[in-house]
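Place chain P on chain R using the hints.
Residue numbers (my numbering), protein chains in the order written: chain R, 1 to 548; chain P, 1 to 504.
Don't take every hint at face value.
Said to hold, decoys possible - Away from chain P, derived, C-beta distances all over 10 Å, residues of chain R:
1) Thr-70
2) Leu-428
3) His-435
Claimed, not checked - Distance ranges between label pairs, derived from CB positions:
4) P:Ala-460 to R:Phe-30: 31 to 37 Å
5) R:Met-107 to P:Asp-494: 18 to 24 Å
6) P:Ala-460 to R:Glu-449: 45 to 51 Å
7) R:Pro-69 to P:Ala-73: 46 to 52 Å
8) R:Ala-11 to P:Ser-173: 31 to 37 Å
Keep in mind the hints are simulated off the structure, nothing from the lab. No residue lacks a Cβ here, since even glycine has one placed at the ideal position from N, Cα and C.
One letter stands for each residue in the lines below.
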Amino acid sequence: MSQHLISLLLALPLLAALVVLFAPRQMVGFIRGFTVLAMLIEFVASLGLLDGNYASAAFQFPERHALVPTYGITYSVGVDGISLWLVLLTTFITPLATYASWTHIGMKVKEYAICLLLLEGAMLGAFFALDLFIFYVFWELMLVPMVLIIGIWGGVQRIYAAVKFFLFTMVGSVLMLVAILYLVAQYKAQTGHYSFEISELKLLLLPVKTQLWLFSAFALAFAIKVPMFPFHTWLPDAHVQAPTGGSVILAAVLLKLGTYGFLRFAMPLFPSGSHRMGPYIAGLAVTGIIYGAYCAWVQQDVKKLVAYSSVSHLGFVMLGIYSITSQGLSGSILQMVNHGISTGALFLLVGVIYERRHTRNLDEFGGLAKVMPAYAAVFVIVTMSSVGLPTTNGFIGEFMILAGAFMSEHLGANGPVCAFFAATGVILAAVYMLHAVLKMFWGPLTNPENEGLADLTRREGIALAPLLLLIFYIGLFPNQLLTSMRASVDTFASEYTAKLAAGDQHPTTRDMLQPAQVPEDELPAAPKTAHLDFAPRQLNARVVGGQP
Amino acid sequence: MTGSLATAMASWIPLMPLLVVAVGGFALMIVDAVSTEKAELATLSSVVLFSAGAIAAVLASGKGLAPAPAGVAGYLAVGQMSQFWNATICCGAGMSALLAGGYLHEHALERGEFYALIVLSAFGAMVLAAATDLLSIFIGLETMSLGVYSMVAYRRGSPRAAEGGLKYFLLGSFAAAIFLFGAALIYGATGHTDLAGIGQSIHDGHANVRLVVLGMLMLLVGLTFKVSAVPFHMWTPDAYEGAVTPATTFMSVVVKTAAFAVLMRVVLTCFSDELSANLGTGWPGVLAPMAAVTMVYGNFAASQQANVKRMLAYSSIAHAGYILVGVVTLYSADAQVRQTAVSGVMFYLLAYTVSNVLAFGSLIALGSYGKEAVTYEDLAGAGRRHPLAALPFVLGVLSLMGFPPTAGFLGKWYVFSAALSSGDSLLWLVIVGVLSSVVGAYYYLRVIVFLFMKSPEPGAAVAVPMRSGYVALALVLSGYFVLKMGVTPAHYIDLALSAASKLG
Numbered sequence: 001m002s003q004h005l006i007s008l009l010l011a012l013p014l015l016a017a018l019v020v021l022f023a024p025r026q027m028v029g030f031i032r033g034f035t036v037l038a039m040l041i042e043f044v045a046s047l048g049l050l051d052g053n054y055a056s057a058a059f060q061f062p063e064r065h066a067l068v069p070t071y072g073i074t075y076s077v078g079v080d081g082i083s084l085w086l087v088l089l090t091t092f093i094t095p096l097a098t099y100a101s102w103t104h105i106g107m108k109v110k111e112y113a114i115c116l117l118l119l120e121g122a123m124l125g126a127f128f129a130l131d132l133f134i135f136y137v138f139w140e141l142m143l144v145p146m147v148l149i150i151g152i153w154g155g156v157q158r159i160y161a162a163v164k165f166f167l168f169t170m171v172g173s174v175l176m177l178v179a180i181l182y183l184v185a186q187y188k189a190q191t192g193h194y195s196f197e198i199s200e201l202k203l204l205l206l207p208v209k210t211q212l213w214l215f216s217a218f219a220l221a222f223a224i225k226v227p228m229f230p231f232h233t234w235l236p237d238a239h240v241q242a243p244t245g246g247s248v249i250l251a252a253v254l255l256k257l258g259t260y261g262f263l264r265f266a267m268p269l270f271p272s273g274s275h276r277m278g279p280y281i282a283g284l285a286v287t288g289i290i291y292g293a294y295c296a297w298v299q300q301d302v303k304k305l306v307a308y309s310s311v312s313h314l315g316f317v318m319l320g321i322y323s324i325t326s327q328g329l330s331g332s333i334l335q336m337v338n339h340g341i342s343t344g345a346l347f348l349l350v351g352v353i354y355e356r357r358h359t360r361n362l363d364e365f366g367g368l369a370k371v372m373p374a375y376a377a378v379f380v381i382v383t384m385s386s387v388g389l390p391t392t393n394g395f396i397g398e399f400m401i402l403a404g405a406f407m408s409e410h411l412g413a414n415g416p417v418c419a420f421f422a423a424t425g426v427i428l429a430a431v432y433m434l435h436a437v438l439k440m441f442w443g444p445l446t447n448p449e450n451e452g453l454a455d456l457t458r459r460e461g462i463a464l465a466p467l468l469l470l471i472f473y474i475g476l477f478p479n480q481l482l483t484s485m486r487a488s489v490d491t492f493a494s495e496y497t498a499k500l501a502a503g504d505q506h507p508t509t510r511d512m513l514q515p516a517q518v519p520e521d522e523l524p525a526a527p528k529t530a531h532l533d534f535a536p537r538q539l540n541a542r543v544v545g546g547q548p
Numbered sequence: 001m002t003g004s005l006a007t008a009m010a011s012w013i014p015l016m017p018l019l020v021v022a023v024g025g026f027a028l029m030i031v032d033a034v035s036t037e038k039a040e041l042a043t044l045s046s047v048v049l050f051s052a053g054a055i056a057a058v059l060a061s062g063k064g065l066a067p068a069p070a071g072v073a074g075y076l077a078v079g080q081m082s083q084f085w086n087a088t089i090c091c092g093a094g095m096s097a098l099l100a101g102g103y104l105h106e107h108a109l110e111r112g113e114f115y116a117l118i119v120l121s122a123f124g125a126m127v128l129a130a131a132t133d134l135l136s137i138f139i140g141l142e143t144m145s146l147g148v149y150s151m152v153a154y155r156r157g158s159p160r161a162a163e164g165g166l167k168y169f170l171l172g173s174f175a176a177a178i179f180l181f182g183a184a185l186i187y188g189a190t191g192h193t194d195l196a197g198i199g200q201s202i203h204d205g206h207a208n209v210r211l212v213v214l215g216m217l218m219l220l221v222g223l224t225f226k227v228s229a230v231p232f233h234m235w236t237p238d239a240y241e242g243a244v245t246p247a248t249t250f251m252s253v254v255v256k257t258a259a260f261a262v263l264m265r266v267v268l269t270c271f272s273d274e275l276s277a278n279l280g281t282g283w284p285g286v287l288a289p290m291a292a293v294t295m296v297y298g299n300f301a302a303s304q305q306a307n308v309k310r311m312l313a314y315s316s317i318a319h320a321g322y323i324l325v326g327v328v329t330l331y332s333a334d335a336q337v338r339q340t341a342v343s344g345v346m347f348y349l350l351a352y353t354v355s356n357v358l359a360f361g362s363l364i365a366l367g368s369y370g371k372e373a374v375t376y377e378d379l380a381g382a383g384r385r386h387p388l389a390a391l392p393f394v395l396g397v398l399s400l401m402g403f404p405p406t407a408g409f410l411g412k413w414y415v416f417s418a419a420l421s422s423g424d425s426l427l428w429l430v431i432v433g434v435l436s437s438v439v440g441a442y443y444y445l446r447v448i449v450f451l452f453m454k455s456p457e458p459g460a461a462v463a464v465p466m467r468s469g470y471v472a473l474a475l476v477l478s479g480y481f482v483l484k485m486g487v488t489p490a491h492y493i494d495l496a497l498s499a500a501s502k503l504g
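Just chain R, with the same shape it has in the complex (with noise of 0.2 Å):
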């Protein structure tokens, strides 16, 4: 049982979409409430990933298959420190988003629950994935669902949403795509056998040059799904055009396959690639953070100003990450979850003065806190998780990144530097949340519309509820969620810190496996451009014939 409980979590949203799939399309009821089972049992068949050994780094619960052997596609799954409370947090949000955005789906409830189950399996597909294969199928097949879900249950403008979405998305993808096959070329050309396996691919020590270029096509794939400044122009427009159960697991879950891409993939993969990019990485995730707070302090629309506070949050996350510190690096994983819980309580939130209201904007509201007192309530205590206040979750994430940041070697000078100006976005949250709540909440009852507007109702309580409790008990108690990510953490940036001083000292050897090969550099200086000029048998025969 235990060891299969990954292909088990992979197959039950399935086996579930299924069954809705061949459900009577009349049969409403039974339709939302075997999602939200099925979605429940999900969840509690996660929990039992909690059993694993994570005091050591190794992958717990691994499975491996070999689907292609000719081309070394594998099956191969796992799950350890860092993406065990992804996974989590994955199964934990999407019934809560689900439960909370049925009122809302009026239309089509068959195709909608079908598109949630079909999400949650690819998305937990992407975050097992130890194969870079399976890792593209799982992340490009998370797309479809997306896509469906805005452009057939969003706003007014959700068709132009969700191309952009997708279309965005597919550029990165498919350069991500080339540097995969690249890589695993390179990998053929050196050990003779095909792998996409991370496991095997982590051992190649490729050309600095070489690792810069492929990073460079992982990172762009990544950094438009995290989304990084200046990156992030569909994510506005797709929050804000998504169903509130879409844009719950677009914050919460989807965007967090960007920074989790980067520690699983490209940064072990290509160290000193990543490295050299390190510096812009991190100025452009503190450029994030401080534009999307301004942009979030400028909007009228609440759903947007939440949408660009997702910007600000994961340009910590990145910030945390590229400080390759154990610190920033839990912080930020730790992050990730927080980010999660409060931005999707947020548009959970959100998605409920929308119904009753039918208008985000700003101005239309003022003195909710009259009518709706533990809306307000609620809202405050998210509003205080996501500004980061002492004893809720943001808190912890974002100072152990500040100081990650701050004490980061790799980072250098630029860490401090960095730090300070991170740590103003922190006070532009502030800025942007409190004005929100300023103008939602308090001041007199001006407009007659928010008159006798209904409190939370049971539905909306019940999914707030879990998250409330996750934001104290995240806040208050950490290290359950700390100590169990640390042995994968700190092996993540051993391991990066020793393979980036091996291939800084030796920029072009090519291959740890089979030191008996010639260096590249020691063979006769082929001429550069040789190859546009010669056919590449001329080079070799060349080549050949220059050895004694």
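Frame of chain R, contents of chain P only:
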């Protein structure tokens, strides 16, 4: 005595797919003359083609293969590779016959000759794909093309069909003439018409280089015309749009497969010497920019179309570009890379065949008598009204887009990964390919957008799906293969790899 008889029989087994199709084609004409029930012809022709395809699929894995009989050996190759092509061609042609069974009946166009044309053109395509002599190439080319010309002009009353047919016929005749001229020059330069002899003569340096280069270019023009690569693509949109949709399907899958098969055979057998198979001086230097332009032009032109059939026509041009990337990879001196590239092209064409049948079949299924689904507007909201008819379309366009886990994704992955395994010199081509495929994603996604996210304009006539067992069967079969080749591709990859091991 029995031993020699058995040997004689065994040597005919590799020719079985060809014989079944040829005999079946003639039988169809006789049945057509005596029967009144035209639907029987659809069943009969698809049975003929699928059984030939099944035989070829078994032979392609190497079981029961024997050397060809002496009279045939110099003209046709009957090894695993040819059998793989036979299987792909028969699969595409059989599916087209099934689609025709539904489409012609629904639109009251049913005449017996259509099925005979499909079967006999498929025969021509099989000959073309297996040909190892310039003469048999030309015979195969013409047998296939004449059938296809008449299939394009099949709808007699329609001016579009006449325009498409005439355009295709005239341009096709020019291309065939240029091919023939090239063949004559090559013969003049080398004194051989068999591909192996030509290759040997060029390799030994006995041939007049100028004549060879000129002849080679002319052969390439003739063949790239058939695969509709830019700049020889002008006929494609008009012919595709004017033809009845099953004929369009046939052209886009069968003709393309056969043309790529012979293109690869020619460049590998005749022009594999150092000077010709050279990115700087030989055919790869011509085909590589051609592939780039074809991918970019095909995708951008397709994104501008309002007519789905024309969009699919331009997208088939783009696909020719992707496949050409695999053909260009054959420049490599490394035999293993060449084998990967050949098997990649084979896999791609098989995947493209089933995906395209799925897309065209869904387009057929969404229209009915008097109201064919042709433009995007016709598709508006169809996914909401008829999810079952729209679902195969989604799968088809996702596969054509190259989206995992479908056959189309594996095909793109295979061809591009072969190109990269030959070294860095084709990296630019692969990057052009994937970026232009993002443009492709845009127009394929538009199909999904119109099917599921838009509603028809008020007052516009809405397309009603037809009901046809033939079309449903074709959709189920091709849908099955699209998913099968996408999710568990190992078997097909190994089959293509072993078939690509020799140029048989």
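Hints, one by one, checked against the model:
no., hint, result
1, Thr-70, "violated, 6 Å"
2, Leu-428, "holds, 35 Å"
3, His-435, "holds, 35 Å"
4, P:Ala-460 to R:Phe-30: 31 to 37 Å, "holds, 36 Å"
5, R:Met-107 to P:Asp-494: 18 to 24 Å, "violated, 46 Å"
6, P:Ala-460 to R:Glu-449: 45 to 51 Å, "violated, 38 Å"
7, R:Pro-69 to P:Ala-73: 46 to 52 Å, "violated, 35 Å"
8, R:Ala-11 to P:Ser-173: 31 to 37 Å, "violated, 57 Å"
Of the numbered hints listed earlier, those contradicted by the structure are 1, 5, 6, 7, 8.
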